[in-house]
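Peer 1: Could you slot chain U onto chain P? The hints should help.
Residue strings, one per chain:
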Amino acid sequence: MSNLSVLYKAELKKIYSKKAVWIATVLGLFIILLVGFTNLSADGAKAYVKYQEDTLTSISGQKMDAAFLEEYHSRIEKELEEHPERYENIYANDPDAVYMNASANVGMDALYDHFYNVIRNRSEIPGMTDEEFYAAMRSDIEHDGLVMGCTQEEIDTWLAIYDGIEKPITYSYALAYVNLLDVLFLIGWGLVLIITIALSGVFADEKTYRTDALVLASRNGRIPICMIKIAAGITFALLQTILFLGVCFGVMCAFYGVTGWDAMIQNVIPPSPWNITIGKMVLIYMGLALLVGIFFAVTNMILSHLTKSAVATTAIHAAIVFAGLFNVPTKLGLVAKLWQLRPTMALYYGTFCNTYMYGKLNNIQMSVVIYAGLAIILTAVLVLSYKKSQIESR
Amino acid sequence: MELILDRVTKQYSSKIAVDRISASLQPGVIGLLGANGAGKTTLMRMICGILKPSSGSISFEGMDASDEMYRDALGYLPQDFGYYPNFTGMDFLMYMAALKGIDKKSAKNKCRELLKTVNLEDAANKKIKTYSGGMKQRLGIAQAVLNDPKILILDEPTAGLDPKERVRFRNLIAELGKDAIVILSTHIVSDIEHIADRVLMMKDGNIIFDGSSADIHEDLEELYLKEFGGMDNE
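So the protein sequences, as listed, match chains P and U.
Start counting the first sequence at 22; every next residue gets the next number (my numbering).
Start counting the second sequence at -2; every next residue gets the next number (my numbering).
This is chain P alone, in the form it adopts within the complex (with noise of 0.2 Å):
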């Protein structure tokens, strides 16, 4: 056993040893920490920032019905009549906007963002009753639904699960959430990108470096060192996502704070059908991203084996990758259902909105058995293939 963890930390130790790891970590923590402070850096930002954050948490912990609104509105209604000059260009120019600044002045912009979100109509906003707004977010599920392609009979479904959350929705201050899901699609891609970075060159370094003659020759050098270094570049996937995740999710507490984390999903992500909490999003987020980490650790290690290159496995992933920037048209029906499954989209935040059912599962269930599959069967793959490695001419 000894041996075996020598061999562990000696992978791992190739891993990081790579300069271009370090700099694409670097590098993916300073766009983190850019993204947290660049509401804080502008004059002022700090002070708008505690300003909504003691507006919106005297408000937290009510629900969000028809008394709830009334106040809202008047909290507006108060800000146009004792200040009409700020208001007097927009309502020349714009007058849809005019709720929406006012809003931001009284420091209540992030529940306009909220309203919007469901309402979807700015001109709808000003005097929005209780009832037009669950209305709102029940149509908002089926009509987006209709758009995504998905069956009366998958919309009822998720109509079904939204009728069964509790109203009226209680409100809670939650922006570190909602501005976590925001960069949520970005730590996506810089994962992705280090994962590539990191792991394409485990297996077809020894090639490179000519040592693959070496490890093979050597009695744990088939199995023994596929798993481990298998084993290594998982480790280091979710490290990474833990990293990315970890330090992200921190600078959001630290700027915004921890409230919300026992609030509904719909606080930060209105139109969705799901009954869970906030708490409960982020922990099912956290262990997504930990799968597909894996997924992507293991076929950038198979490709890694199979072309014996780590550029063209690069190479390989990154037109994977680019491809996933595209949608597959809903008249596809399977084929858009489980694209809307791929790597980038389980990372979105859109995920909490999607109301594809696969069978009896939902989009998230399906992910993990996907993920957890393909990464268990490609591993089984890459040790049976890696096995049978011989050293031909150089």
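One or more of the hints may lead you astray.
[Claimed, not checked] Think about it this way: if two alpha-carbon atoms lie no more than 20 Å apart in a straight line, the pair counts; the simulated EDC-like pairs of lysine to aspartate or glutamate are: (1) U:Lys126 <-> U:Asp88; (2) P:Lys34 <-> U:Asp88; (3) P:Lys30 <-> U:Asp88; (4) U:Lys124 <-> P:Asp226.
Hint data in this document are derived by calculation from the structure and do not stem from the laboratory.
All of these numbers come straight from a predicted model, not from anything done at the bench.
Peer 2: Using the frame of chain P, we list chain U on its own:
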């Protein structure tokens, strides 16, 4: 202790690199001579179990060359010895020891001892990328004998060594040949003529001479030049 090659053949599409070679090898130093393309490296790779023969078999004490325990008895220094540039000499030997299944504690002592033997004690904690060609070759020799192999395969082991190191290396090989089957491929006839108990000469995938230096009624180098005259040596 016997390494048996039974009609070992390697064929690449229309070219036969090694053609039905059979031999029984006992402990001692076996010199393998041959020109470029003679099939020496292909044969050595097959003996190491890293290249599967198209037909025929290689076995040692009942174990096939593809067996894990066969590899446990093996030490190998390839012609194009590779290394991890960011590892120190000590790191590299510890890694190789772990690959060979040697436990950590024994490995540390063995690595220190071998670094001393190959005169790399002072450079043990320096990164291999800073080593000279000769130092790298000595490190390669050290890793090959880490597990006290019963079969030691050395492909052009003296490349890059200075004359003093060459003599030192020859003595080391002669010593190892007392208890192990040492197969040494070289284009420098003098490397093997005084230490090889047996000489195998290869040409076009076949063994054209198999005997001891004493069996040759002329100088080994002259015989070599007669067989491969006008051809580039490997």
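Peer 1: Each of the hints needs a verdict: does it hold here or not?
Peer 2: Hint-by-hint comparison with the structure:
1. For the suggested pair U:Lys126 and U:Asp88, the alpha carbons sit about 13 Å apart, so the restraint of at most 20 Å is met.
2. With a CA separation close to 10 Å, the supplied pair P:Lys34 and U:Asp88 stays within the 20 Å bound.
3. For the given pair, P:Lys30 sits about 11 Å from U:Asp88 by alpha-carbon distance, which is consistent with the 20 Å threshold.
4. A distance of roughly 17 Å separates the Cα atoms of U:Lys124 and P:Asp226; the hinted pair therefore holds under the 20 Å criterion.
Checked against the numbered hints above, the structure breaks none of them.
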